[in-house]
Structures are given as C-alpha cells and as structure tokens.
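These are the residues of each chain, in order.
Protein chains: 2
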Amino acid sequence: ALFQQLCNHFSSGPLSGVRVLLTAGPTREPIDPVRFIGNRSSGKMGFALARAFVSAGATVELVAGPVSLATPAGVARFDVETAREMEQKVLDRVTECDIFVGCAAVADYRPEVVADQKIKKNNEQMEIHLVRNNDILATVAALSKAPFTVGFAAETQAPETYAEKKRIAKKIDMIAANLVGASEGGFERDENALTLLWEGGQKRLPLADKGMLAEQLVTLITERYENRYPA
Amino acid sequence: ALFQQLCNHFSSGPLSGVRVLLTAGPTREPIDPVRFIGNRSSGKMGFALARAFVSAGATVELVAGPVSLATPAGVARFDVETAREMEQKVLDRVTECDIFVGCAAVADYRPEVVADQKIKKNNEQMEIHLVRNNDILATVAALSKAPFTVGFAAETQAPETYAEKKRIAKKIDMIAANLVGASEGGFERDENALTLLWEGGQKRLPLADKGMLAEQLVTLITERYENRYPA
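Line by line, the protein sequences give chains P and C. Just so we're aligned, residue 11 is where the first sequence starts under the working numbering, counting upward by one. Just so we're aligned, residue 11 is where the second sequence starts under the working numbering, counting upward by one.
Careful, some of the hints might be misleading.
Pairs involving identical chains hold if they fit within one copy or between any two copies, as the list cannot separate such chains.
What the hints assert, rightly or not - Okay, derived cross-link-like pairs now, SDA-like style, lysine to any residue, Cα gap no bigger than 20 Å in a straight line:
1. K130 x P76
2. K180 x A83
3. K175 x A148
4. K131 x P40
5. K130 x E170
6. K99 x E134
7. K99 x K128
8. K128 x N144
9. K128 x H139
10. K128 x R142
11. K99 x T81
12. K180 x S26
13. K213 x E134
14. K155 x R29
15. K99 x P240
Worth flagging that the hints you see were computed from the coordinates, not collected in a lab.
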C-alpha cells in the first residue's frame, strides 16, 4: 500500500490519482473436493492491463482467479477461486475505485450442491445441476455510485453483436469484444484481437501481443473516462 | 529417442533396459469451447516419478494432461487433454512397455454432448449430462500381454480401504493410496504421503517431498517387478 502511494505520488501519467480495480483469470466452481468446472482463461490479458494501468500512473488493485502468473510490480493482488469469492472481493473494494475493469472469465453457473467427499463413479451416468452466478459487471454498474465500468465479452461467434447487447443490457460504459476458440487469438494465447465498443463509438484493435493491446485499451479507456469526468 | 537409447545404453541402474510408460496430471473434459470439467491434480507426483525412473536407468515415456511443468531430462513426453486422448495414447504405447504407472487423475466422467459454440446463459439453471470414461488402468491390466501395472487412488476418506478394493477389482499389481483434500498432502502440493499396496503386502510412506517419495516408490516397484519377473 505504501509502495503504491509512493508510486502514485511521484507518478505523472494520464491516470495519476485514479484508482483502478481489475478482475482477471478464470474462476473455478467446485463439484467436489477434487473436481471443478473451469474455463480456459489464462489471465494474461487482465495482468497485461494491470501493468498498463500502472504505467499510466493509476493505483491498481487486481482480483485474480487461479492462474500461474506473477503479480505485476506496483499492483495489489487478491487471489480468489470461485465466482462468489470474486464477487465478494470486488464488492469489498469497488467503493474505493474510479474505474472497474471486469476482465475475468467468471463462471456463469456453479454446481448447486458441492459434495463433501469425492464423488464415487458408481453409475454409468451422472447429472450435474447448475445454478446461475450473479453477474459481477451488471452488479457493479447498477451501484448508486458506480465507477466507470469496462467489461469483456469472450464469444465464439459474432463477438461485436453479442458484446453490444451485453453492454446495453448490463448498462456498462465500455465493452471489449473478443473472439475465442479461433485462430484470431483469445484464451490461452499471448496474442489477441479486440473490438472496443461504447455508446456512440467503437474501435477495432487488430491482432497484437496482449501487452501492446493492453496499452491501446488503457489509452482508449482513459479517453472515454476523461470524456465522462472532464478535469 | 537417440538420447534415451544412449542413456539406456550407458545406464547401470536397477531398471536398465526396462521400459516404463507413465501418465500424469489431470484431464480436461470440454463442456463447450471455453468451459471444461477439470481436477486439482498438478502432475507433480507423476513428473517426479518419471524423473526417478530415469535415475533408476529405465527408458521412460510420459503421457501428460494439461500441466505447467517442464519435461524431465531423458523423458519422451506426449501431451493430451481429455481422458479419451490419454487412453488412446496409452493404448498406442503400452505394447512397448514393461511397467505401466497410471498416476494421472483421469476424469471418470465426461459431458455426453460438447457444444460447438459457447453456451449462452439464457436460463437460471442448467444440467450437464455426464457419461463414464473408460478406466485406463483396468483396460491396461486386462490386456493379454499386460505390463506390470501400478495405479494411484486419490481419495478424500479411507484411502487404503478404497485403494485395496480398486487394486483387486482392476486386477492391477500395485496401488498407491493417497489422501487428498486434507492436511496430509496430495493435490496441488509439493509433499505427499502414500500407502503402497500389493497382493500380500503393503508399505506406508510418510509425508515427504514428492521427489523423495518418488524415489521410494520406484525402489518398491522395482522390488515387486523383479519378484514377478526374476532375472
């Protein structure tokens, strides 16, 4: 915390004095003590964004799902596992931030019942009954003092179309649409291509290293943020 | 392959000339292009075993699920993702081995249907219908020219009892019983405690670093293997 305050104090970047809260990585939803439902998010995009926000002078807090990535310098990191743990940590910290970026691939569903002991394979078939997790982005955007809110939409088809629907439905300020499971990049890769959408505008960011892409995203987010809260 | 042949040629360990096939790590069973059912196996025990078998002079092939571990020197590694891919690779290679060690935490069940596109969260609830995967250990042990076969049983309760049942039911030569999800070690840790069971005997290996434990296991496996196939 002291390190951050010092960084912030001496920082002269465009986001100097601005507090950013980020989520990154997947969540894991336990089925029993050994099995879980996971997803292919590596956390690389979110960690690259954390780094880029620090470079822009912001104070950065990062809520991370289970990933094998080192914490970027100057970032306060909180590790969580499930969607509900991530939601709780975000709600604990969100009142202290100016910009919230939900980059994590949060599980939409969790097993309704988590078995205490490892489930035995006694049957030829098995059913897992899932219930919805809360939508963290929509919850944050609906707060009475909501921060400037940026989401990600990872889609396997028509990413811009789905993302714009999500942006409007969740009432979030910006959304980055991201094709996954294709040659264009996305999960489990070092490169990605995105389209960033906001009310009245959009910008396509072609395939690039996630570090470079993160810098472009931070520049665009800063522009829209300053447009909404002129100095 | 040449490196292995050379290692083998100059090796004077107790398993010189013996071919070992190992599995390690978890498997992932896709639900759709981004979501999967996984488990908490880190692969560390299996990779430590591969290293210990190389030290004992064996020729080692390793079929690994998705883990973030470096390939031990002198080991031929095949990466797979699902239980069915692991089974296929094992069946491809098993006729070329003398000892088979199934250390992977193979998913017992897989989703019956894998969605082509990311499943949309349109409903409050969701069901995943699972079907059984084949049991790789039992399949290998049932081969007409079965290798000397060693299994692992990761249990959250009464590991020796369940493991001995598994050993007899699957007709495997030895089984290592392993308590997981407890303070004693197991998944996602660098230490573990095991009980190794075979027909007419058992040996408890107390909590130790997985590398040291792997050496003890290889010594015991070598004893039982030589007992069955005297030189």
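Check K128 against H139 for me: Cα-Cα at most 20 Å, and say if that holds within a copy, between copies, both or neither. both (17 Å within a copy, 18 Å between copies)
Is it within, between, both or neither when you check K99 against E134 at 20 Å Cα-Cα? neither (39 Å within a copy, 23 Å between copies)
For K175 vs A148, is the C-alpha pair at or below 20 Å within one copy, between two copies, both, or neither? within (13 Å within a copy, 50 Å between copies)
How do K128 and N144 come out at 20 Å by Cα distance, when the copy is not named: within, between, both, or neither? Only across copies: K128 and N144 sit 18 Å apart there, 26 Å inside one copy, limit 20 Å.
Can you tell me if K130 and E170 fall within 20 Å by alpha carbon in one copy, between copies, both or neither? between (43 Å within a copy, 15 Å between copies)
20 Å Cα cut-off: does K180 pair with A83 within a copy, between copies, both or neither? neither (32 Å within a copy, 51 Å between copies)
Identical-chain pair category, K99 with K128, by Cα at 20 Å: Neither: 28 Å inside a copy, 27 Å across copies.
Is it within, between, both or neither when you check K131 against P40 at 20 Å Cα-Cα? both (17 Å within a copy, 19 Å between copies)
Please work out whether the CA atoms of K180 and S26 approach to 20 Å or closer within one copy, between two copies, in both situations, or in neither? Intra 28 Å, inter 64 Å, cutoff 20 Å: neither.
How do K155 and R29 come out at 20 Å by Cα distance, when the copy is not named: within, between, both, or neither? within (14 Å within a copy, 65 Å between copies)
Check K130 against P76 for me: Cα-Cα at most 20 Å, and say if that holds within a copy, between copies, both or neither. Intra 26 Å, inter 23 Å, cutoff 20 Å: neither.
20 Å Cα threshold - placement of R142 relative to K128: between (23 Å within a copy, 16 Å between copies)
Comparing the model with each earlier hint shows violations of hints 1, 2, 6, 7, 12, 13, 15; every other hint is respected.
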